[in-house]
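Here the protein sequences come in this chain order: V and B.
Just so you know, we're using numbering that gives the first Met the number 0 here: the first sequence kicks off at 0 and counts up by one.
Just so you know, we're using numbering that gives the first Met the number 0 here: the second sequence kicks off at 0 and counts up by one.
Everything labelled a hint here was simulated from the structure, so no lab data went into it.
Worth double-checking, as some hints may not be accurate.
To be verified - Footprint (simulated), chain B over chain V, 3 or more residues, beta carbon under 8 Å:
#, region
1, 206-218
2, 271-283
Stated by the list, open to error - If you want the footprint, here are the derived chain B segments under chain V, 3+ residues with CB under 8 Å:
#, region
3, 271-282
4, 363-375
As the list claims (entries may be wrong) - Across the chosen pairs, the derived CB separations fall in these ranges:
#, chain 1, residue 1, chain 2, residue 2, range
5, V, 80, B, 219, 42 to 50 Å
6, V, 300, B, 76, 18 to 26 Å
7, B, 119, V, 300, 48 to 56 Å
8, V, 209, B, 76, 32 to 40 Å
Note that CB positions come from ideal geometry on N, CA and C, so glycine has one too.
What follows is the residue order along each chain.
Number of protein chains: 2
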Amino acid sequence: MLENVEVQPKRLDDYQPIVGAEMIYELQQLANDLKGARVLNINATSFGGGVAEILTTLVPLMRDLGIQAEWQVIHGSDEFFNVTKASHNGLQGMDIPLTDDMKNIWLHYNQLNAEKLEGEYDFIIVHDPQPAGMLHFCNRKHGKHWIWRCHIDTSNANPAFWGFYSQYINSYEAAVFTMKQYVGPGVNFEHLAIIPPTIDPLSPKNAPIPLERAREGVAGFGIDPSRPLITQVSRFDPWKDPLGVIDAYRLVKKEIPNVQLALVGSMASDDPEGWYFLDKTSRHAGEDSDIFILHNFQGVGAYEVGCFQTTSDSVVQKSTREGFGLVVTEALWKGKPVVGGNVGGIPLQVINGETGYLVDSIEDCADKVLYLLQHPDESRKMGKASQDHVRHHFLSMHHLKNYLHLFRSLAIV
Amino acid sequence: MLENVEVQPKRLDDYQPIVGAEMIYELQQLANDLKGARVLNINATSFGGGVAEILTTLVPLMRDLGIQAEWQVIHGSDEFFNVTKASHNGLQGMDIPLTDDMKNIWLHYNQLNAEKLEGEYDFIIVHDPQPAGMLHFCNRKHGKHWIWRCHIDTSNANPAFWGFYSQYINSYEAAVFTMKQYVGPGVNFEHLAIIPPTIDPLSPKNAPIPLERAREGVAGFGIDPSRPLITQVSRFDPWKDPLGVIDAYRLVKKEIPNVQLALVGSMASDDPEGWYFLDKTSRHAGEDSDIFILHNFQGVGAYEVGCFQTTSDSVVQKSTREGFGLVVTEALWKGKPVVGGNVGGIPLQVINGETGYLVDSIEDCADKVLYLLQHPDESRKMGKASQDHVRHHFLSMHHLKNYLHLFRSLAIV
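From just these sequences and the hints, can you work out the full model?
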């Protein structure tokens with residue numbers, strides 16, 4: 000058997016004050032015919048990363064609706080995960096080779112995991128490319144309906160990788176992509192659903208923090224909460240353009256001399272390139288003591304990120320390339336309009352002039368940040384619209400609703 | 000029983016090509032009357048840190064001389080190690096409080112560990128303050144001769160800590176300090192030995208690396224091995240003065256425009272202050288692409304440090320406060336004169352004008368680095384003297400010899 004992941008129970012009723020009774024009722028109605036349905040989620044890891052975060056919420060909420068939802072993770076060796084890491088990059092367009100050796104390793108572990116699969120399910124949702132070959136080796140056994148859930152952007156996939164993987168992916172009855180634009184070329188599914196990722200408003204990351212406590216939180220890192228603060232929360236990599244954010248901040252500082260900038264990110268001990276780019280960012284910042292460069296090794300965890308999002312006068316996500324950008328969702332949810340790059344999932348979230356501003360250049364970014372800092376009332380109004388936009392589109396309940404619709408269309412309820 | 004530490008065997012004969020037959024013979028003669036003697040080393044940790052590194056070499060070498068040497072580590076909880084961490088700082092002079100609670104925790108764990116001690120030994124060497132109270136609770140049982148081996152500088156100890164600890168330390172028959180100047184006030188031992196720490200010339204850290212391979216090693220981090228390189232290997236903390244090293248490099252660069260600087264250090268994931276000071280260093284360096292700031296998370300391990308020490312045209316250790324400075328020993332051993340701060344154990348190693356230069360200011364540091372870079376023949380000659388100085392004073396064999404003398408004086412052989 001594959002390894003089962005235990006999750007804490009969650010109750011939909013607890014979300015009613017946030018999303019309203021109507022939404023909860025709608026979910027219950029949609030789930031009525033699905034009571035007792037057996038749903039298995041299969042992915043590569045039980046913690047770390049967005050997929051694990053989403054399943055930690057969705058699996059218990061499905062159970063609360065009477066669905067027999069499960070979550071299992073595949074087994075793999077270092078060599079397997081090296082191949083899937085390369086495949087992740089290749090499927091997102093990186094120019095790297097896919098060798099026969101790599102293919103054989105991937106197939107071998109997919110076969111092993113397929114042989115370990117037990118039980119009978121109505122729906123098997125296979126997440127991302129790592130276990131995508133299991134259906135092939137299961138020969139459609141174990142699951143009535145097989146769904147491939149893709150969390151990455153395959154639209155510009157390296158053809159070597161897409162050609163190989165799509166052979167296995169195309170046998171699924173249904174596929175789910177995050178955005179329409181992310182669907183790779185030549186796919187041919189009976190059912191294709193577009194379901195954006197979402198945040199859990201009751202998770203520690205997204206639960207509200209009283210302003211006073213959030214101010215204390217950022218003050219602990221040397222920030223003066225009585226002075227204006229611009230924040231970008233992101234990994235330190237070129238696509239998030241922290242150097243561009245520093246340049247934009249410098250333009251803003253000409254007009255508002257006491258403005259501060261916080262660049263807040265998460266570092267991994269096994270990512271030398273990330274450390275290199277962190278150093279590059281620090282060195283671009285120079286000895287300006289109003290710029291704060293902070294990460295998890297300095298004690299910035301989910302709660303502290305929340306403090307930054309809560310106290311910031313302006314939240315920026317100046318990406319030049321982006322997946323969906325859940326960190327934008329988190330900031331909008333905290334009532335902050337976001338000044339974001341016009342890429343990936345950001346334009347779905349940032350409605351220009353309503354929930355923030357879409358920008359294409361350093362100057363544009365600086366202008367919009369300056370405008371928000373100089374118009375606090377309007378910023379607050381937009382912040383309210385930002386929160387509503389997330390409330391109406393990007394909370395776990397929407398995710399759940401989308402899955403229920405998909406299940407119903409497959410089972411022809 | 001306390002936890003026993005297993006060590007790989009080592010043979011003194013393997014060191015003969017380095018230290019000469021005479022030294023090996025002298026050690027064997029000194030050990031003749033000590034054959035079968037039971038020696039127990041007790042410390043707080045079996046890996047990480049200088050003490051563990053030293054015991055990894057000394058214990059097997061004692062065994063090779065026919066001494067029944069052992070190494071055991073104490074048990075402790077987080078609260079115990081929090082107290083010993085604070086005590087480490089207090090005994091080195093930090094102005095922090097020592098509460099009754101802290102004293103009780105330390106005494107409690109020393110009593111527990113004393114009760115776990117088994118067997119009969121001729122010599123028990125207790126390393127550093129953590130287990131120093133065990134003798135008190137053993138009431139002199141288990142060991143004929145108890146020795147306290149202090150690896151830290153207690154000369155400016157916070158009186159609250161020194162007053163408390165010295166009650167327990169003073170009951171030892173003998174004490175060993177690293178340097179005469181490190182002995183705290185009012186100690187009163189029958190036997191007081193001064194034994195500097197040493198390096199193992201056959202450890203991976205100190206084994207010679209062919210120049211070509213070392214050049215490839217540093218080139219991997221973006222350094223141009225055909226251009227001059229200044230290196231400081233040290234933690235990123237104010238006492239190692241990396242900012243001063245950058246300023247000195249800038250002065251040198253005025254004369255030698257193609258000079259490069261590498262600041263190489265080791266970071267710990269649980270040391271927020273270290274990460275803060277690393278950021279401060281990067282930001283002081285600014286966007287000068289001839290300055291390289293590197294650490295273990297970027298793939299710099301013991302071997303890579305060796306590559307830097309081997310290829311550098313000038314090695315600096317511009318500390319304003321230092322313990323013994325084993326990193327200076329390592330560089331001297333690799334045939335490099337060191338430009339070092341005139342503090343701690345550095346003047347024992349850096350003989351001004353012979354094995355390097357002692358400096359007190361940024362300008363002085365820059366002058367001496369410049370001199371060495373502009374006089375490569377002299378630098379090579381000094382490098383030869385540097386290696387000889389370590390060969391004659393700071394290799395594991397000297398450590399061993401010093402211990403054998405101490406054992407003999409205690410046992411009146």
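Status of the hints after comparison with the structure:
1. 206-218: violated (count 0)
2. 271-283: holds (count 7)
3. 271-282: It holds, with 6 qualifying residues against the three required.
4. 363-375: Since three or more residues must qualify, the claim that chain V covers the region 363-375 of chain B is violated, with 0 doing so at under 8 Å.
5. 80/V with 219/B: 42 to 50 Å: At roughly 24 Å between Cβ atoms, residue 219/B and residue 80/V fall outside 42 to 50 Å, so the hint is violated.
6. 300/V with 76/B: 18 to 26 Å: holds (24 Å)
7. 119/B with 300/V: 48 to 56 Å: The hint (48 to 56 Å, Cβ to Cβ) holds, given that residue 119/B and residue 300/V are roughly 50 Å apart.
8. 209/V with 76/B: 32 to 40 Å: Holds - the Cβ-Cβ distance for residue 209/V and residue 76/B, about 35 Å, lies within 32 to 40 Å.
Checked against the numbered hints listed earlier, the structure breaks hints 1, 4 and 5; every other hint is satisfied.
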